[in-house]
Amino acid sequence: MSWKILVSIAAYNEERTIGETIRRIKKTLSNMGDKIQYQILVVDDGSTDKTKEIAKKEGVKVIGHIINLGPGAALRTSYLYAARSDFDIVVRLDADGQHPPEYIPHLLDPILRGEADVVIGSRYLERSYKSSLLRDLGNIVHSKIISIVSQQKITDVTSGFRAIKIEVIRDIVKYDFPDTPAVYITLKKALSGYKLKEVPVKMYPRMHGKSYLNLKRLIIYPFKTVRDVIKTIVEG
Amino acid sequence: MIKLIIPFVVGLLLLTYTLISYSKRGIGRKGLLLSLFVSFSLIISPVMYGVILAVAKLLGFYYSFVFVFLVSILALFILIIYIIRKINELDNRNIRVIQEISLLKAEIDELRNKHR
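Residue numbers (the numbering used here), protein chains in the order written: chain U, 4 to 239; chain D, 352 to 467.
None of these hints come from the bench; they were simulated from the model.
Some hints could be false.
[Claimed, not checked] Straight line, CA to CA, 30 Å or less: simulated DSSO-like cross-link-like pairs of lysine-lysine:
#1 K177/U with K381/D
#2 K456/D with K55/U
#3 K7/U with K456/D
#4 K381/D with K53/U
#5 K234/U with K465/D
#6 K437/D with K64/U
#7 K456/D with K177/U
#8 K234/U with K59/U
#9 K53/U with K437/D
#10 K177/U with K437/D
[Said to hold, decoys possible] Anything over 12 Å on all C-beta distances counts as not near chain D; from chain U, calculated:
#11 D37
#12 I39
#13 H68
#14 T80
#15 Y82
#16 P103
#17 S150
#18 Q155
#19 T158
#20 E170
#21 Y224
[Said to hold, decoys possible] Per label pair, the in silico range of CB-to-CB distance:
#22 H466/D with L128/U: 46 to 56 Å
#23 L421/D with K205/U: 32 to 42 Å
#24 H466/D with K53/U: 19 to 29 Å
#25 Y368/D with Q154/U: 53 to 63 Å
#26 I233/U with I438/D: 17 to 27 Å
#27 I429/D with V229/U: 16 to 26 Å
#28 V360/D with K227/U: 41 to 51 Å
#29 V229/U with L410/D: 26 to 36 Å
#30 K456/D with G117/U: 43 to 53 Å
#31 R230/U with R380/D: 21 to 31 Å
#32 I429/D with K59/U: 44 to 54 Å
#33 Y433/D with M35/U: 48 to 58 Å
#34 L128/U with V417/D: 58 to 68 Å
Heads up, the beta-carbon is just placed ideally off N, CA and C, and yes, glycines get one too.
Given these sequences and hints, build the entire structure.
Rendered as C-alpha cells:
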C-alpha cells in the first residue's frame, strides 16, 4: 500500500529559505521510494516578498491568503485543503529552516506502523536545541500543563514539526484555530482520544527573518494558553 | 431639580436617536434592545427617583447616585464584553471567508493551468 502524504508549509515572508526547504523535502521524500506518494503545499500567508513566486517556481502547490492572517489561520487553510483531498497523512513544518526536512521519515514512521495518530518532533527528548531561557521555561510549563490535562506525556507542546493522520485533521478542522495554535491543537487531539507520540528531532535557530513570537507576544502567550485550555475543555 | 431633568432629557434624546437609527436600519435588533433599555432607564430614573433611593438604601448605598453610577458602569462593562465577543466572532468569520477564497482561487488557478 502506498501512503499519500501532504507536506504543508505555512510561510510568511520567507523568500530566503522557502526554496531550499522545498528542495530538501523533495530529496528526503524521494529517498523513501514507492512506499509513499507526496505533495508539497505552501500556504503563503499574505507575504509581501517573493515567497509565493519562489514556491511556484519550485513546482509545488501554493495557496495564498490575500492578507496576513497569522500562523493559526495559515495552518487551518492547509488542514482544510488536506481534509478535502484524499491524503492519508499531513506533515507540517516551518519554512524558516528550523525544522530539518530530513527528519520527516522519523515523524512518519510511528504512523505508518500504526503506533500513533499524531507524531510530534520534540527538541527536548534529546536536549538537542538551545533556546532562550524564557522560551525554554515557557515550553516546559506549557508541556507540563498539557501533559497533566491530557494525561499523555508531552515534552515539546509548542513544536510545529508534526505528522498527523487525516482522521485527526478532519476532526479538528471544524474549529477556529487561535493565532498561536500549537497548544490548543495538541490538547484538542489528546482530549479527543488520539494517540500522541513524540520522536526526537534536531531543530535549528531560524536562518533569516523574524519570529512571529516577539517579546510582546511571548508575554501574552501564557495567558493565551490558559484561554486555549479553557476553550478546548468547553468545546469538549 | 436640574439633576433630575438632565437624565430625563438625555434618555429622551437617546430614545429618539435609537428609533431613527433603527428605522434607517443603522442598528440591529440586539442594538435596539440595548439602546431601548438604557434610554428607558434614563427616562424612568428621575420619574421614579424614590424607588431608586429605596433600592439604593436596601443594597447598602447611602448615596443613590453611587448606586446609579455603579449600575451604569456594570451596564457599560456588559456592553464592552458583548462588543468584544461580536468583534471576535466577525473576525473569525472573516478569516473563514478568506480561507475559502484562497482555496477556491488555488483551485481555479489549477484548472486554468490544466486547460492551457
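Hint-by-hint comparison with the structure:
| no. | hint | result |
| --- | --- | --- |
| 1 | K177/U with K381/D | holds (27 Å) |
| 2 | K456/D with K55/U | holds (14 Å) |
| 3 | K7/U with K456/D | holds (23 Å) |
| 4 | K381/D with K53/U | violated (45 Å) |
| 5 | K234/U with K465/D | violated (43 Å) |
| 6 | K437/D with K64/U | violated (35 Å) |
| 7 | K456/D with K177/U | holds (21 Å) |
| 8 | K234/U with K59/U | violated (37 Å) |
| 9 | K53/U with K437/D | violated (35 Å) |
| 10 | K177/U with K437/D | holds (20 Å) |
| 11 | D37 | holds (25 Å) |
| 12 | I39 | holds (22 Å) |
| 13 | H68 | violated (5 Å) |
| 14 | T80 | violated (5 Å) |
| 15 | Y82 | violated (10 Å) |
| 16 | P103 | holds (27 Å) |
| 17 | S150 | holds (29 Å) |
| 18 | Q155 | holds (28 Å) |
| 19 | T158 | holds (31 Å) |
| 20 | E170 | holds (20 Å) |
| 21 | Y224 | holds (18 Å) |
| 22 | H466/D with L128/U: 46 to 56 Å | holds (49 Å) |
| 23 | L421/D with K205/U: 32 to 42 Å | violated (58 Å) |
| 24 | H466/D with K53/U: 19 to 29 Å | holds (26 Å) |
| 25 | Y368/D with Q154/U: 53 to 63 Å | holds (56 Å) |
| 26 | I233/U with I438/D: 17 to 27 Å | holds (19 Å) |
| 27 | I429/D with V229/U: 16 to 26 Å | holds (23 Å) |
| 28 | V360/D with K227/U: 41 to 51 Å | holds (45 Å) |
| 29 | V229/U with L410/D: 26 to 36 Å | holds (33 Å) |
| 30 | K456/D with G117/U: 43 to 53 Å | violated (37 Å) |
| 31 | R230/U with R380/D: 21 to 31 Å | holds (29 Å) |
| 32 | I429/D with K59/U: 44 to 54 Å | holds (50 Å) |
| 33 | Y433/D with M35/U: 48 to 58 Å | holds (53 Å) |
| 34 | L128/U with V417/D: 58 to 68 Å | holds (60 Å) |
Hints 4, 5, 6, 8, 9, 13, 14, 15, 23, 30 from the earlier list are contradicted by this structure; the remaining hints agree with it.
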